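Now for the letters of each chain:
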Amino acid sequence: MEVITRNRPSFANVLVKLKPGEKIIAEADAMASMSASVEIRTRWNGGIFKAILKRVFGGESMFVNEFSSDQPAEVVITQGLPGDIECIELKGTTLYLQPGAYIASEPGVNLGIGWAGFKSFIGGEGLFRLKISGTGRCWFGAYGGIFEREVTDEYIVDTGHLVAYEPTIHLRVGLAGGIFSSFFGGEGLITRVRGTGKIYLQSRNYSGLTAWVNAHI
Amino acid sequence: MYEPLHFSGGVFSAQIDGGRAGAEIELDTTSIVARASTGQTFSIPFRDCNLDLGGSSGRMVFCRTSDRTMTIFCEDRPFLAALEREARSDLSEQITSLRARRSSERWKSQFFLWFGGVAAILLLIGSYYGLIALAKLSTRALPVSVDEKIGKLALDSIDLGGPVVRDKVVVKAVDEIIKTLEPHSELKGLTFEVRIIDSPEVNAYCLPGGKMVVCTGLLKKAKDPEQVAGILSHEMAHAIRRHGLQRVAESLGLIAAVELLIGDVGGLVAIGVELTKQGTLTSFSRAAETEADIVGATMMHDAGIDPRELAKFFELLRDEGNNAPGAIAWLSTHPQHDVRITTIRGLLAKFPPKAYRALEIDWPEVQKHLANLNAGD
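Line order of the protein sequences matches chains S and X.
The first sequence begins at 1 in the numbering used here and counts up one residue at a time.
The second sequence begins at 1 in the numbering used here and counts up one residue at a time.
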């Protein structure tokens, strides 16, 4: 399966070129266009109970669509937010995604949901996180550009910018500085990322967008 | 209990394309072996292994080579126990240290969870009551027009308990009493309005904003117009001291409190009308009743009406007791009349001497009209 991510980073979308018999699974409503020969099969996102959990706590749809074709075809997949889409290849590894980040994956990738904890909630990343594992490629999106960091000891991320991280990473929420500088300097809470592993960050954050929109309503 | 020696986890190594891969982990007699999903095999001898805990769950065990070029990690719960059993003396010291650290972190984490939870609950409760208290305080700064709005809407929406009396002699007599007392109100800008209701109950009450209701039962019971002036001055005092608004403020819910603090009095007015319908806006605390007695008696004194008449009316009701069942309505919201008589008489002693005058109302004529009221009068 050949996959090209286009129009990066502001309005990224994924062009998937399917060979006969190949499949790609995508979040409901992620398809922007496709060849007429492509068949769509809609199914629960991991069973009814798990689908409801993913909808309520993971910000994902209860359904996923499976695209396949018996002849060469293409599917264009996109996301609702203006921003980049990143592709990662899982080799029996696991990655945690923030709610709503998942876009599409190959059939060998499993999508689950896990408790992220109060620290993650306080850090603005939600009480639950999506857990993707298995083997194959997975595409996730963000608001703004996506950049990655290979953490080897400790790294500091402003709340709301963390999109994905490996399970070898430990999150700790703290103040950006002293009480005065944290709250009056505008940085407030930050997430201290510790351990060894990769993290993916978004260059913009939703709360910045909502604050901007609220100020102009 | 049998513990498997095969676990799932992963490997960090520069030899893997991308630097990491998922792996099946095995423990043999001398080392930790990781068979990566890429097909590569990695191993770390027990004696060369540095252990650490971490990961997003805090339970992941990291086994690193001393030069840190390779790390095998595993989150399976039985992994550490199996490692301890297989590695024996090579890793026992490190494992003991890791367990102690894990235990300490677990306690710390639980402590902060409980502490944070309790603090959050206390903060929520404090914020709730703080907000309500702030809203109550802010009602004092509201203009009198809010009281009037509550009173008018409440008066229009409640069952007054009988037809409104329109008999000119009766209405004029009560208006005359109000007209005499009103100029001595300490709250300027408040206009008093009375509705006389044809009802045997010995009752009178005042809604916020000076909207009063007087039953004919009370007028019939009064021996002279000064006694009626006493009761009306007491009821007027409730409006003057804004007891109704305070009562509404005490019943404020969170949403109405927030609305009030952002300048919207709609919720306050709605609560006031609802409380009136439930009959709770005309019953006040003992402190408010005593205050109304004092303010009322002072108004009478200032208006040149003998305040002793208020005490005399209480005595009348007290002496008749159960023989006057209609009196219960008023007394039920005005407890301890003996105490109140004493309070009023004590207050009178403090007033400077003054020649009181009788109200120019033909009370026998008023009584005659009260006795002959017809429907619609």
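Please note that the accuracy of each hint is not assured.
Listed next, the stretches of chain X that the computed footprint assigns to chain S, with coverage defined by at least 3 CB atoms under 8 Å from CB atoms of chain S [to be verified]: (1) 18-31; (2) 46-59; (3) 64-75.
Negatives, chain S to chain X, calculated, CB over 10 Å [as the list claims (entries may be wrong)]: (4) Pro9; (5) Leu90; (6) Gly112; (7) Tyr155.
Some chain X residues flagged as far from chain S (calculated, every beta-carbon gap over 12 Å) [as the list claims (entries may be wrong)]: (8) Val171; (9) Glu193; (10) Glu201.
Treat the hints as calculated values from the structure; they're not laboratory data.
These figures come from a predicted structure and were not determined experimentally.
From the three backbone atoms N, C-alpha and C, an ideal C-beta is built for every residue, glycine too.
Tell me, in ascending order, the numbers of any earlier hints that this structure violates.
5
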